[in-house]
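Q: Required output: the full structure, derived from the provided sequences and hints.
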Amino acid sequence: MVSEPASELALEAEERLIRQAQGGHLDAMRPLLERYAPPLYATVILPRLGNAVSAEEVLRDTLATAVEKIDRFTWQGKTIYPWLRQIAINKIFDVHRGTKRARRLVDAISAELPTETSPEDSADALLIADQERARHRVQIEATLGAMPERYRTAIELRLIGELSRDECARRLQITIGAFDVLLHRAVKSFRKCFAEANPSESSPSPL
Amino acid sequence: MRPDEPTPPDLDDDDLDVPEPDAVADASERARAKAFAELIDKVVSGRPPAAVPSEAQALLETATALRATMRPVELGAARRASIVEAALATAIDRRGGRIGASVSGSLPAVVPITAAPRRRAARAPWIVAAVTTLVAAAAVTLWLRDRSDRGGPAPTTTAVAPLPIEQTSRPADDVVGRIPRERAGAALDRIDAIYADRLNGYRERTMAGGTR
Numbered sequence: 001m002v003s004e005p006a007s008e009l010a011l012e013a014e015e016r017l018i019r020q021a022q023g024g025h026l027d028a029m030r031p032l033l034e035r036y037a038p039p040l041y042a043t044v045i046l047p048r049l050g051n052a053v054s055a056e057e058v059l060r061d062t063l064a065t066a067v068e069k070i071d072r073f074t075w076q077g078k079t080i081y082p083w084l085r086q087i088a089i090n091k092i093f094d095v096h097r098g099t100k101r102a103r104r105l106v107d108a109i110s111a112e113l114p115t116e117t118s119p120e121d122s123a124d125a126l127l128i129a130d131q132e133r134a135r136h137r138v139q140i141e142a143t144l145g146a147m148p149e150r151y152r153t154a155i156e157l158r159l160i161g162e163l164s165r166d167e168c169a170r171r172l173q174i175t176i177g178a179f180d181v182l183l184h185r186a187v188k189s190f191r192k193c194f195a196e197a198n199p200s201e202s203s204p205s206p207l
Numbered sequence: 001m002r003p004d005e006p007t008p009p010d011l012d013d014d015d016l017d018v019p020e021p022d023a024v025a026d027a028s029e030r031a032r033a034k035a036f037a038e039l040i041d042k043v044v045s046g047r048p049p050a051a052v053p054s055e056a057q058a059l060l061e062t063a064t065a066l067r068a069t070m071r072p073v074e075l076g077a078a079r080r081a082s083i084v085e086a087a088l089a090t091a092i093d094r095r096g097g098r099i100g101a102s103v104s105g106s107l108p109a110v111v112p113i114t115a116a117p118r119r120r121a122a123r124a125p126w127i128v129a130a131v132t133t134l135v136a137a138a139a140v141t142l143w144l145r146d147r148s149d150r151g152g153p154a155p156t157t158t159a160v161a162p163l164p165i166e167q168t169s170r171p172a173d174d175v176v177g178r179i180p181r182e183r184a185g186a187a188l189d190r191i192d193a194i195y196a197d198r199l200n201g202y203r204e205r206t207m208a209g210g211t212r
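As given, the protein sequences belong to chains A and B, one line each in that order. For the first sequence, this note's numbering begins at 1 and goes up steadily by one. For the second sequence, this note's numbering begins at 1 and goes up steadily by one.
Worth flagging that the hints you see were computed from the coordinates, not collected in a lab. Note that the structure is a prediction, hence the values are computed from the model and not measured. Treat the hints loosely; a few may be bogus.
Straight-line Cα separation of at most 27 angstroms, DSSO-like style, residue types lysine-lysine; simulated pairs [what the hints assert, rightly or not]:
id	chain 1	residue 1	chain 2	residue 2
1	A	K91	A	K192
2	A	K192	B	K34
3	B	K42	A	K192
4	A	K69	A	K91
5	A	K78	A	K91
Calculated Cβ distances over 10 angstroms to all of chain A for the following chain B residues [to be verified]:
id	residue
6	I40
7	A58
8	L60
9	E61
10	T64
11	A137
12	L163
13	P171
14	I194
15	Y195
16	R198
17	N200
18	Y202
All residues carry an ideal CB built from backbone N, CA and C; glycine is no exception.
A: If you want it as structure tokens, here you go:
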């Protein structure tokens with residue numbers, strides 16, 4: 001994802017569309033929603049839900065809430081993206097509420113809230129998304145680095161490299177069945193290591 | 001819990017010990033691993049499973065989240081457009097409902113898009129009444145003018161010479177004639193003949209200094 005600083009022109013256009021929406025022309029929000037839906041999905045919602053179907057539902061609900069409550073948004077010369085991201089985080093919180101994993105997620109999300117007022121609010125939306133992705137990537141790479149090498153290799157080959165099970169098994173010189181077991185244990189191990197290393201960090205929530 | 005017992009659905013995986021990579025797997029673990037591998041196959045191929053066994057859900061979410069962070073994630077244009085459309089429709093519905101529910105209270109400043117047709121419908125009787133009044137006023141004006149003109153000279157009538165037949169609207173039967181069966185497919189030829197015939201009439205009229 002390429003990041004470019006938000007130009008004055010883009011911000012002016014964004015402000016104009018928001019004013020129109022606040023004036024009653026809700027359809028004016030469409031270009032903004034289309035622009036910000038992909039980074040919200042890819043860097044905020046999916047990494048925290050780990051479920052593509054649920055992620056799309058949360059994205060739709062996030063955008064609907066934003067349009068519905070656009071009157072509450074106050075233009076301060078900054079992109080609307082952090083406001084949309086905050087709505088998405090709240091929706092994710094709602095999805096996980098009541099599940100067994102909620103306790104840890106509440107901690108993680110609570111730790112994340114203060115970042116909403118950080119100076120990066122003034123940055124371009126795609127820059128914010130890139131920063132968020134980079135932050136998560138560092139955490140994941142650190143966790144992978146702390147895992148047994150065979151577990152790390154299994155995850156890198158299959159989940160990141162997207163090699164077939166046959167090819168992964170061939171490279172590791174084991175049977176496909178043995179590779180399945182290795183990957184299953186590797187993901188378990190990753191989950192455990194990540195939780196231990198990031199007890200209350202802002203993190204992809206299912207981790 | 002014995003190692004061969006299936007993972008209870010409610011048990012958080014973080015509570016479980018993870019065996020060493022080279023530890024021997026029992027049949028139960030191999031079966032769970034195979035089922036998980038098949039779920040991963042679907043995720044990797046871009047067809048995430050709609051329903052996931054509860055014992056695999058947490059691990060699959062972990063794998064999906066990990067991939068979402070380490071790999072570029074695409075939300076297709078069609079999918080994005082569909083989600084945006086649904087979101088707008090939902091928001092407009094919700095705001096419309098709120099307006100209906102808050103009639104006795106303060107109305108929100110924003111009028112939803114869906115309210116526009118209803119507003120037009122409410123204006124319709126007034127528009128009909130205004131148009132009717134204008135028509136009646138015009139009729140009265142014309143009647144008064146007609147009465148005031150009665151004392152003037154009688155209107156002159158102009159005799160209009162009949163147009164030649166080739167300059168009038170007329171059937172093309174004479175041009176086309178009876179269509180033999182073997183010429184049924186030659187519609188373009190017939191159209192050309194009709195066009196040429198009509199063009200002749202047009203030329204005669206324009207070259208004689210007449211109007212179109």
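Q: If a hint holds in the structure, say so; if it doesn't, say that too.
A: Here's how the hints hold up against the structure:
1. K91(A) x K192(A): The given pair, whose Cα atoms are some 25 angstroms apart, holds under the 27 angstroms limit.
2. K192(A) x K34(B): holds (21 angstroms)
3. K42(B) x K192(A): holds (24 angstroms)
4. K69(A) x K91(A): holds (14 angstroms)
5. K78(A) x K91(A): holds (22 angstroms)
6. I40: Non-interface label on I40(B) violated, nearest chain A Cβ at 7 angstroms vs cutoff 10 angstroms.
7. A58: Per Cβ check, A58(B) is inside 10 angstroms of chain A; nearest 7 angstroms; violated.
8. L60: L60(B) not clear of chain A: closest Cβ-Cβ about 7 angstroms, inside 10 angstroms.
9. E61: Not fine: 3 angstroms to the nearest Cβ puts E61(B) too close to chain A.
10. T64: violated (4 angstroms)
11. A137: Consistent with the label, A137(B) stays out of reach of chain A, its closest Cβ about 36 angstroms off (over 10 angstroms).
12. L163: holds (55 angstroms)
13. P171: holds (52 angstroms)
14. I194: At about 49 angstroms from chain A, I194(B) clears the 10 angstroms cut-off, so the statement holds.
15. Y195: At about 47 angstroms from chain A, Y195(B) clears the 10 angstroms cut-off, so the statement holds.
16. R198: holds (48 angstroms)
17. N200: holds (55 angstroms)
18. Y202: holds (49 angstroms)
In this structure, the hints that do not hold are numbers 6, 7, 8, 9, 10, in rising order.
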